[in-house]
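Undergrad: Note that the protein sequences, when read in sequence, are chains A, B and C. Take 1 as the starting number for the first sequence in the working numbering and just add one per residue. Take 1 as the starting number for the second sequence in the working numbering and just add one per residue. Take 1 as the starting number for the third sequence in the working numbering and just add one per residue.
Source of the hints: derived by calculation from the structure; they are not laboratory data. Among the hints, a few may not be true.
To be verified - Partner residues aside, some chain B positions facing chain C, computed with beta carbon under 7 Å:
1) 3
2) 29
3) 30
4) 33
5) 34
6) 37
7) 93
8) 183
9) 184
The beta-carbon is built from N, C-alpha and C at its ideal position, and this holds for glycine as well.
Here is how the chains run, residue by residue.
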Amino acid sequence: MTILTHLDSSLSRHSVGTSIERRDARAHVTGTTVYVDDIQLPGMLHIAMTRSPYPHALIRGIDCSGAESVPGYVRVITGDDVPKNVYTVLSLLNVGQDEEPVLANQRVRYVGEPVVAVVAQSRASAREAAARVRVSYEELPAVFDPEEALAEGAPSVTDWGVNAFVYHGRPYRQVRLGDVDAAMASADHVVEGKYQMSPIEHAPIEMTGCVARPEPDGRFTVWSNTQALYMSLDLTAQILKVPARRLHFIGGTVGGGFGGKVDVIVEPIATLAAWLTGRPVKYVFERKEEMTVSSTRNGVRIYMTDGVTHDGRIVARRSRTYIDGGAYSRHTPYAVNKHAANLGGPYFIPNAAFDVYCCYTNRQPSSAMRGFGVTEACFAMEVQMDRIAEITGIDPWTVRFRNAYHNGDLRPHRKPVEDATLIETMQASARLVGKDLSRECQEMTSAPREA
Amino acid sequence: MTYVAPDTVPGVLAAIASDPEGTLVMGGGTVLEPMMTAGGFARRPVVALWRAGLSGIDRLTDETRFGATTRLRDVASTAALPSLSYAAGLVGGPAVRNRATIGGNVASGCGDLLVPLLSLGAKVVIAGDRGFDECPIDQLLDTFRLPASPERAGIPPDRVVTAVVVPHSVGRTAYVKIARRRYNTPTVAAASAVATFDSAEGGVITVARVALRGLSSVPSRARQVEDFLLGQPIVDDVIDKAVELLDELGGGYADAVASAWYRRRMAKVALSRALSALK
Amino acid sequence: MNERVTLQFVVNGVQVATVADPVTSLQSLLRETLGLAGSKAGCREGSCGSCSVLVDGQLELSCLVPAAEIEGRTVRTAEGFTTPGEHGLDPVQSSFVDQFALQCGFCSPGMVVATHALLADCPDPTREEIIVGLSGNVCRCTGYEPILRAVADAALKLAHKTGSIDPAQDGRAPRSPVEER
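Make a model of the complete structure from these sequences and hints.
TA: This is the structure in structure tokens:
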């Protein structure tokens, strides 16, 4: 028996079924956990960013001479210094167009977009030097609403002629099943709703950041609080045009993420700075940057129309969603996919037409947060279900039971349902809260419908 | 750059005199210290008040005098002035209250305590070359230039607040703060009211002072409401009519905390609750 | 260049001497000069509470305290409630662990310090008193309920342990009531 096997069986004998102290709890409560900003290395430098004050502008010139005279100044990094000045996190998965620069050098598309990275010996001198970089801008008209961004004559945020992410030649993600027009025409009731969710800032107590250190063997060690360690490594390798084996990323200690630390925003530039200076470099957001520059949850607007029979069954759903991706799409195209796939929810929708737009506006880029894409769909459709209950005069539980999908049903995006449990879950919930279900609901199961 | 913490008021004034416009006067540091941390290299001279003997509470027969560097924690436990102490207890969290000062709150031009202080008819004591002047707070806010900046708004640059003097009210007092969270949260709107009545069991209002925050970022007296309340009993339909007067004032200001639209509505809620608390 | 002042003060029972810009924050001194990163930097402006420390037994946000004010004072940080080299946790720390009152852990050091300050003044706090006592400490992960349980649990532990309450143990003079003359 190997040592590992011996240890395994010992642990499983003693620990299964017990409550075990978290491995990191002791360090957390004694204030000894090392988070990224706690890392101090000899000779470490700091990055502060010169950022756009405008939501939309052309960059006419960059003058760094004011920064150079600040005591502690080491150097600036502009877009021209970045080996591949393109950042698109989903390009790692071959999704999306290369649309976002690491450091803007032609155009800025949101307030706070990074333009010049200043490296200096202390946070204060980096900040002072960054404030003295003079960028001249020519302001452009800006758009802040996702529907307005798609309207005729809207300011152009993207380079490809439409302010939307393009999916297989269409500026929206489409889901089609059955014949929505015919089914809607045959419905007893048509229930319409307009639903909105505002952007939300994750506001983790720990700010986004990393420390990058050049190693004598030519590699770089990077400590990061990213939620996406491998994406951070791969994207940094791409941007720096180095093989991934030259990067050693260390992560796992994150002071709150909630989706706000998946965008790989700080590692490429910090690693590049470490490379260019030969010194360790720390790049951690200030609280203001975390709140105003780092990505948010998408703002969303959903127009949902359901055709419903007199006994509360949905026969058709038409839905149009505008997701505000902000100036750059980041993870939003993925949110669109999830949203489109989940607009039917756990319900049987035999005729469906969903159009989901990832819109570009001159707002802070939005990205991942806690079930992004799906949360918004759930909110809209559950309020819709309650409306259906109101309009048909049917109990809201019963409406949900009647519409719940069964195993074998085809979902709007054409996946057959497996392991359906909504019906059984609602039955258990009803017991827990003391809700008396009708006989019809009590006897229902998720078994496949009879043909 | 310099940092000095003189141990007398004349010492403070002398230190400020070398650069009145540029000097930052630090009370508890709750506003200025973060500013300095966030700033760049070049720093403005700082004159700190913590050693100048300006802390302490003198309770006299008709008034309580708070030294300017009295911490909000101590203002919050002052029995004689319930609306002021309640308001002080709602500023920041316990650690902020251990540090923030009543003088700093007033001198900022936009501190929460200005709302109850206005309604209580408080005065500030300002030290300058010619000695000490007492100035009613509403006059202070009206006559001096007031940016909503962390610097010494409303106080001439070469002078410093040394005390806040608050008369004891013979009437009933109330303070209501509307905010997004219960504690450790910036104010959306607030109202403070003081009223004396012509008889112990209620009767009609003989003196009324009402201060609001929400219609403007600088707290102000709501004189139309005060005039309307005179001679009226404090009952629900009088309160409703008083609150409706705010519609004529319009206003409301927007910032990261709340929109102007929301503030206008919340100012009415705050006023309504403050007046109801006088019953 | 900005001026420097010499400072001598006590941190976690150890006498410290250093030189600093008088307006540099105690937070910077602790984190960057003294290598004590238990005072976390969540906002640097007094809003989040993650930098909480005790100064002469009183709850302070180290990001708001200028270095000039720390001369001669006694500071206790989150790291200062356990004995170096010993493996035990103090009652507040172990309550936080036992009640799962943390997820990412970033607010935890500040919460532990604030709990000590609260229980020193209020050894048997009601739920509302706990909420007010910790109202300056923001948590984005837990929703606060496990933290409230941990504080109540710690209060019980401390009451049993000492009979009387003085967990701060900094030789702090009991706070006098508001000086009303």
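Undergrad: Now, for every hint given, state plainly whether the structure supports it.
TA: Checked hints:
1. Hint on residue 3 (chain B) holds. Least Cβ distance to chain C is approximately 4 Å, under the 7 Å limit.
2. For the restraint placing residue 29 (chain B) at the interface with chain C, the shortest Cβ-Cβ distance is roughly 6 Å, inside the 7 Å limit, so the hint holds.
3. Hint status for residue 30 (chain B) relative to chain C: holds, with the closest Cβ pair at about 5 Å, below 7 Å.
4. Using the Cβ-Cβ criterion of 7 Å, the hint placing residue 33 (chain B) at the interface with chain C is satisfied: the shortest such distance is roughly 5 Å.
5. Here the hint on residue 34 (chain B) is kept, as its CB sits about 4 Å from the closest CB of chain C, short of 7 Å.
6. Interface hint at residue 37 (chain B): satisfied, since its Cβ lies 5 Å from the closest Cβ of chain C, which is below the 7 Å cut-off.
7. Taking 7 Å as the C-beta cut-off, the interface hint given for residue 93 (chain B) holds, the closest approach to chain C being about 2 Å.
8. Of the supplied interface hints, the one on residue 183 (chain B) holds, with its beta-carbon coming within about 4 Å of a beta-carbon of chain C, less than 7 Å.
9. Checking residue 184 (chain B) against chain C: minimum C-beta separation of about 5 Å stays under 7 Å; hint holds.
Figure legend: structure checked against the earlier numbered hints; every hint is met.
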